[in-house]
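Turn these sequences into a full structure, and let the hints guide you.
Chains as they are written, first to last, in the working numbering: chain A, 811 to 1093; chain B, 811 to 1093.
There could be a bad hint or two in this list.
One copy or two, either will do: identical chains are not told apart, so a pair holds if it fits within one copy or between any two.
Stated by the list, open to error - The list that follows gives simulated cross-link-like pairs (lysine to aspartate or glutamate, EDC-like), each with its CA atoms no further than 20 Å apart:
#1 K972 with E1040
#2 K1073 with E1040
#3 K1073 with E1044
#4 K1073 with D1015
#5 K1073 with D889
What the hints contain is simulated information worked out from the structure, not anything from laboratory work.
Nothing here was measured: the structure is a model prediction, and the numbers come from that model.
Listed here are the chains, written in short residue letters.
There are 2 protein chains.
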Amino acid sequence: MADLRSITILGPGLLGGSLALALGHLSSRPSVTVWARRSEAVDEVLTRHIAPLATTDLSAAVGNADAVILCTPMGVMPDLARAILPHLRPGTFVTDIASVKAPVEAALAPIFLGHARWIGSHPMAGGEQAGLHAARPDLFHHARVILTPTPATPPETLAQAKSFWTQLDCTCLTTDPATHDRAVAQISHLPHLLAALLINAVQPDALPFRGPGFLDTTRIAAGPAPMWAEILLENRSAVLAALDQFQLATDRARAALLHQNEKELHDILSNANHVRRSLPAPV
Amino acid sequence: MADLRSITILGPGLLGGSLALALGHLSSRPSVTVWARRSEAVDEVLTRHIAPLATTDLSAAVGNADAVILCTPMGVMPDLARAILPHLRPGTFVTDIASVKAPVEAALAPIFLGHARWIGSHPMAGGEQAGLHAARPDLFHHARVILTPTPATPPETLAQAKSFWTQLDCTCLTTDPATHDRAVAQISHLPHLLAALLINAVQPDALPFRGPGFLDTTRIAAGPAPMWAEILLENRSAVLAALDQFQLATDRARAALLHQNEKELHDILSNANHVRRSLPAPV
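Here it is in structure tokens:
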């Protein structure tokens, strides 16, 4: 497995910018290049020392890369993959950071097949701040990264992905794209949607009575709306299935409240309490 | 308005214990007494220096008190109020910490009328840890306390309540018991229920894919099930109304997902984003 000495990041948003910063802090000192569509973003990358090299020229950005990391919105990735393809050296490692994997896999795997070592990655990092201005070198520190190989993925490519993320203190999990999308629909996309719906259901005159619980529960609803709309729509069948499960749980709780069924309500809360206590406290 | 020099706390749970600790840290050095039903709890209060005085004897606990704070579960409060009544000095300030105010007001106000200066309080503090072992002196630091006077509450009693909580660095808000219960149903009780339902809707095999968002969103579901079952049932009509509002918001989001209505979904997320950004980040 070749060392990834020269790494190019496409798209300096929160994740791309944080990734460039984190790579710049490694003792192995890889060469880090950032490509951005807008020259203003290139300027910001350079003046804020996000990366030592930045350009709007795609061929210059990827021509010497050992690894290319796609950090743009999902919708842009297929066109970007086709645009970089002629400029990649054979065998370049390519991954991404998208939150929905099956559509990205379906679009990108055929483009890179026979040309680059492609595998999907989903780092469970981010937060309610979006954009390069929120980038920080520790965003990936102790983050979980879900890798989504398929039967067509060579073992060396998976090993290279594990090595790439592990050097950044991430913990790697592996599953196939469809299983990934079903799991994150439940554990990430549904929670985001519910946080937004909770805020929309609260009357403005109740907001002053908020306590710390409400602020925690709704933190992720401050995330960027366009990005989350894209994620929810790209993964909509799995999100709808998760919403169905949630509706069943809600209907059961509503019935328990209506009929003042204390035992049933206690069972509902107690099961959740038990599961939540098996997980870590918030960081 | 008389100074509250001698303060008795009934019930050393998380809130009662933390209140005793916070009062003990005041430069004004009030005399703090804790009453507990069980002698083991009295022992723990004394050995852990939660308060210098502790007893299972109710008449001894309240007989010299300038102020009595009811910190037991709500269901116990009416019997406890009747039990302390003969031992209170005339004009003793009495308040509580219950999360639902209309039923407590309805039960306690008639008991204390003409004997003690009663007013309901709801400190928005707590957390997923319950019990005396989790008590800490800074639990009330910068907490919001909702005071719920009625037309029968003398202005001096309200002023005394404000003075009591303000000395602990709390911020006081004032509203009537019914408005309080409608507001906290939306801003506290519904969020707690939803956090529990979200956990119950997630399949166990999706849990390993959790990120920081899921941990924040569900933190409060680790709260004590019996206490939350009591709160939800005591406030069930307001909680059911809040759940209805939430259902309308959910139905709208489901339709937007089903019909791939990106604009509608964007509007939903964007409204929530706007409101959430007007509130503070989690502490």
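Quick check: which numbered hints come out false for this structure? 1, 4 and 5
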